[in-house]
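Construct the entire structure; sequences and hints are all you get.
If you read the protein sequences in the order shown, they are chains A and B.
Quick note: the numbering used here has the first sequence finishing at residue 260, numbered continuously throughout.
Quick note: the numbering used here has the second sequence finishing at residue 148, numbered continuously throughout.
Read the hints as simulated data drawn from the structure, not as lab findings.
The reader is advised that the hints may include incorrect statements.
Some residues of chain A that are not near chain B, with every Cβ distance over 12 Å (derived) [claimed, not checked]:
#1 Asn63
#2 Leu91
#3 Pro106
#4 Lys141
#5 Phe165
#6 Arg196
Pairs of lysine to aspartate or glutamate, EDC-like flavour, derived with a Cα cap of 16 Å [to be verified]:
#7 A:Lys137 - A:Glu61
#8 A:Lys138 - B:Glu74
#9 A:Lys121 - A:Asp255
#10 B:Lys114 - A:Glu59
#11 B:Lys82 - A:Asp255
#12 A:Lys137 - B:Glu74
#13 A:Lys58 - B:Glu74
#14 B:Lys128 - B:Glu106
#15 A:Lys137 - A:Asp97
#16 B:Lys128 - B:Glu100
#17 A:Lys58 - A:Glu193
#18 B:Lys121 - B:Glu74
#19 B:Lys121 - B:Glu100
#20 A:Lys141 - A:Glu193
#21 B:Lys121 - B:Glu106
#22 A:Lys138 - A:Glu193
#23 B:Lys121 - A:Glu61
#24 A:Lys138 - A:Glu61
#25 B:Lys115 - A:Glu193
#26 B:Lys128 - B:Glu74
Quick reminder that beta carbons are idealized off the backbone N, C-alpha and C, glycines included.
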Amino acid sequence: MRAKISLKEIERNMYRQSIQDGIIDIQIGSILLIFAVAPHLSEYLGDFWSSLIFLPFWGLIYLALRTVRKKYLQPRIGQIQYRSSRKKRLKSLTLSIFIFNLLALGAGFLFLVKFPNFPESMPMVVLSILLMTGFSLAGYLLELPRFYAYGSLYALAPLIGEYLYITYTTPHHGLPITFGIASGLLILIGLVIMIRIITGYPLPDQEYLA
Amino acid sequence: MSANPAGHSEGNPLANINQIIHAPARLMILIHLYVVESLDYVFLKNQTGLSWGNLATHLGKLEQAGLIEIIKGYQGKKPQSLIKLTSQGRKAFQDYKRSLQQILDDIPDDL
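This is the structure we're talking about:
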């Protein structure tokens with residue numbers, strides 16, 4: 051029984067080390083940066099274009115990170131192919147996030163129809179709950195405990211933003227400040243992980259890989 | 038009672054232990070291969086902490102015994118070999134685990 055538990059732990063550690071390259075942190079930080087930048091941009095571009103302009107930005111970030119992973123990280127970390135149980139778990143993440151987004155959209159729509167005169171701070175509370183739930187779901191399925199911490203950080207962002215707005219009338223419900231800090235922190239964590247891998251693991255000689 | 042090359046007598050349960058797997062470095066390699074589909078040299082080296090030379094030697098012995106398979110290939114222009122446990126290797130590891138567990142269970146706590 052003890053052996054079974056330790057094999058499970060070894061597999062989990064190997065899986066975690068294969069994906070702990072900082073990419074996922076930078077990607078999430080870049081995606082959620084929209085909450086920090088879009089409110090400012092919407093003053094000049096309107097709500098639609100201020101959000102749409104993020105698509106090419108995310109595309110560029112994605113391409114840059116893919117190149118960094120291929121050229122600098124993977125040669126140092128190595129490659130691993132998981133067993134079917136792990137693959138199934140990872141596949142279920144995509145489906146779960148998709149269903150979660152659909153439910154969140156549906157619930158949001160129903161909320162707007164049923165309670166048109168909701169309090170002004172209500173969307174921030176809902177956003178906070180959605181972020182915490184989404185990150186927790188991803189943390190559970192990816193088996194990455196730091197996602198719970200990320201969830202808490204992002205769940206606090208709209209609430210603190212709303213507090214700043216009510217107390218100091220900070221523009222855009224304080225979102226540029228709170229989401230800017232949270233996203234900046236995630237991007238920084240990702241960069242630190244990347245740099246540690248690049249400096250800590252030397253590139254292997256080609257003769258050993260043949 | 039005859040003795041096997043390892044010096045154990047035939048009646049000794051330790052004689053039934055797979056000596057190829059019993060070496061700590063090779064056992065460590067097999068444990069890491071047992072829990073995944075396959076992995077490459079770099080990942081295995083990082084996990085086990087073995088030197089390139091040691092890793093190559095132990096992998097060679099395991100491959101010779103038919104416990105692992107090394108699939109040579111390329112990723113782009115760079116060589117990349119994937120290492121995986123064969124079905125024989127998987128069974129041998131399970132047998133080894135069972136035998137060792139049995140031996141340890143049979144040792145009494147007090148003399």
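Against the structure, the hints come out as follows:
At roughly 8 Å, the least C-beta separation between Asn63 of chain A and chain B is not larger than 12 Å, which violates its mark as non-interface. At the 12 Å boundary, the C-beta of Leu91 of chain A stays outside the reach of chain B, the nearest C-beta of that chain being 39 Å off. Non-interface call for Pro106 of chain A relative to chain B: holds, since the shortest CB-CB distance, roughly 27 Å, exceeds 12 Å. For Lys141 of chain A, the non-interface assignment is confirmed: its Cβ lies about 15 Å from the closest Cβ of chain B, beyond the 12 Å cut-off.
For Phe165 of chain A, the shortest C-beta to C-beta distance to chain B comes to about 50 Å, beyond the 12 Å cut-off, and the non-interface label holds. Distance to chain B confirms Arg196 of chain A as a non-interface residue, since its nearest Cβ pair spans about 20 Å, more than 12 Å. Pair hint Lys137 of chain A plus Glu61 of chain A holds up; C-alpha atoms about 13 Å apart against a cutoff of 16 Å. Between Lys138 of chain A and Glu74 of chain B the alpha-carbon distance is near 13 Å, which keeps this suggested pair within the 16 Å criterion.
As the CA atoms of Lys121 of chain A and Asp255 of chain A are separated by approximately 15 Å, the hinted pair is consistent with the 16 Å bound. Distance check on the hinted pair: Lys114 of chain B and Glu59 of chain A sit about 35 Å apart at the alpha-carbon level, beyond 16 Å; violated. Taking the CA atoms of Lys82 of chain B and Asp255 of chain A, the gap is near 13 Å; set against the 16 Å cutoff, the hint holds. Between the alpha carbons of Lys137 of chain A and Glu74 of chain B the distance comes to roughly 10 Å, so the proposed pair stays at or under 16 Å and holds.
Proposed proximity of Lys58 of chain A and Glu74 of chain B is supported: the alpha carbons are some 14 Å apart, at most 16 Å. Distance hint between Lys128 of chain B and Glu106 of chain B is fulfilled; the C-alpha atoms sit about 14 Å from each other, no more than 16 Å. Taken as a hint, the Lys137 of chain A and Asp97 of chain A pair is broken in the structure, with Cα atoms around 38 Å apart against an allowance of 16 Å. Taking the CA atoms of Lys128 of chain B and Glu100 of chain B, the gap is about 15 Å. The hint holds against a cut of 16 Å.
Simply put, Lys58 of chain A and Glu193 of chain A have alpha-carbon atoms about 12 Å apart, close enough for the 16 Å limit, and the pair holds. The suggested pairing of Lys121 of chain B with Glu74 of chain B holds, with an alpha-carbon distance near 6 Å, which does not exceed 16 Å. A distance of roughly 10 Å separates the Cα atoms of Lys121 of chain B and Glu100 of chain B; the hinted pair therefore holds under the 16 Å criterion. With a CA separation close to 13 Å, the supplied pair Lys141 of chain A and Glu193 of chain A stays within the 16 Å bound.
Taking the CA atoms of Lys121 of chain B and Glu106 of chain B, the gap is about 5 Å. The hint holds against a cut of 16 Å. In summary, the hint linking Lys138 of chain A to Glu193 of chain A is supported, as the alpha carbons are separated by about 13 Å, within the 16 Å threshold. Between the alpha carbons of Lys121 of chain B and Glu61 of chain A the distance comes to roughly 15 Å, so the proposed pair stays at or under 16 Å and holds. Proposed proximity of Lys138 of chain A and Glu61 of chain A is supported: the alpha carbons are some 15 Å apart, at most 16 Å.
Between Lys115 of chain B and Glu193 of chain A, the direct Cα distance comes to roughly 32 Å. Violation of the 16 Å bound is thereby established for this hinted pair. The suggested pairing of Lys128 of chain B with Glu74 of chain B holds, with an alpha-carbon distance near 15 Å, which does not exceed 16 Å.
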